[in-house]
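Participant: Produce the entire structure from the sequences given, and follow the hints as far as they go.
Chains D and E, in that order, give the protein sequences.
The numbering of the first sequence is the working numbering, which starts it at 1 and goes up by one.
The numbering of the second sequence is the working numbering, which starts it at 1001 and goes up by one.
Source of the hints: derived by calculation from the structure; they are not laboratory data.
As the structure is a computational prediction, the values presented were derived from the model and not from experiment.
It cannot be assumed that every hint is accurate.
[Claimed, not checked] Sample of chain E residues lacking proximity to chain D, with all beta carbon distances greater than 10 Å (derived):
hint, residue
1, LYS1028
2, GLU1041
3, ASP1063
4, VAL1106
5, GLU1126
6, GLY1127
[Said to hold, decoys possible] DMTMM-like, lysine to aspartate or glutamate: derived pairs with alpha carbons at most 25 Å apart:
hint, chain 1, residue 1, chain 2, residue 2
7, E, LYS1065, E, ASP1097
8, D, LYS62, E, GLU1134
9, D, LYS47, E, GLU1134
10, E, LYS1047, D, GLU88
11, D, LYS125, E, GLU1040
12, E, LYS1065, E, GLU1112
Think of the CB as a built atom: it goes at the ideal place given N, C-alpha and C, for glycine as much as any other residue.
2 protein chains.
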Amino acid sequence: MKKLVLTVMLAMIVLASTGCKQRKVQQKVRRYGMVIGVKEEKLDEYKKLHAAVWPGVLKTIKDCKIRNYSIYLYQLDDGNYYLFSYFEYTGDDFKADMDKMAADPVTQRWWELCEPCQIPLSNRKEGEWWASMEEVFHLN
Amino acid sequence: MKKLVLTVMLAMIVLASTGCKQRKVQQKVRRYGMVIGVKEEKLDEYKKLHAAVWPGVLKTIKDCKIRNYSIYLYQLDDGNYYLFSYFEYTGDDFKADMDKMAADPVTQRWWELCEPCQIPLSNRKEGEWWASMEEVFHLN
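Facilitator: Rendered as structure tokens:
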């Protein structure tokens, strides 16, 4: 009986420490920085939309393995407003997950509201809406 | 003797699970998105510098409780190049930690090389070099 108790406790210690390690392993991610223009006359609408993003949209983002997703706004010296996003992708097939996101009807209705607020950049890559930027530095 | 063993093991289980919780608590951070211009003729120099940032500079950044720090580069439709940074601050007094960073001699020598590459934005807040942007959305 004592042996059983000792065995169970040892197992609990191993499981507890393994749980911690797994959380550490999950820190390995691919980072993305994106940029797009936003229309001055649509600033309020865009902010209101993003102050209360639909739960179905948030769920799809998480289902597509995107985490730690932030969007920032700033007016640059050309007088125009721009949105900058940073997010982390924890999956193994970014294109497949983005195709899955694009196929979600709720996300499609959400984009129908957001896209008229935005001005995509002329030098974005083929197939992009937001333009993906070049990472020149990272420190964990 | 058996009781002692059981007590030690229970303590180990508690400590292990507490370790996990602490890692979770540390997820609470303040996020910063910053932007600044970069001179086209200084792009290569800026990229080379940031491909091999001095260890002393990296140590000071970490000592000042900055983590997950990325810098992105993109040419916008006005033809100018911009740098966008995202980082997370895990301390309790951002100004104090930034003052500590600014007081570090190695960091000061580093900034003497980086700042001539950059064009700070005219509408940045008082005391800023990089301009801090407005966060309009975040999803953990």
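Participant: Does each hint hold? Answer for all of them.
Facilitator: Each hint, compared with the structure:
1. LYS1028: 13 Å, holds
2. GLU1041: With a cut-off of 10 Å, GLU1041 (chain E) remains clear of chain D, as the shortest Cβ separation is near 16 Å.
3. ASP1063: 12 Å, holds
4. VAL1106: Given a closest Cβ separation of 15 Å, the condition holds.
5. GLU1126: 16 Å, holds
6. GLY1127: 17 Å, holds
7. E:LYS1065 x E:ASP1097: Holds - the C-alpha atoms of ASP1097 (chain E) and LYS1065 (chain E) are around 7 Å apart, at most 25 Å.
8. D:LYS62 x E:GLU1134: 23 Å, holds
9. D:LYS47 x E:GLU1134: 10 Å, holds
10. E:LYS1047 x D:GLU88: The given pair, whose Cα atoms are some 22 Å apart, holds under the 25 Å limit.
11. D:LYS125 x E:GLU1040: 20 Å, holds
12. E:LYS1065 x E:GLU1112: Holds - the C-alpha atoms of GLU1112 (chain E) and LYS1065 (chain E) are around 22 Å apart, at most 25 Å.
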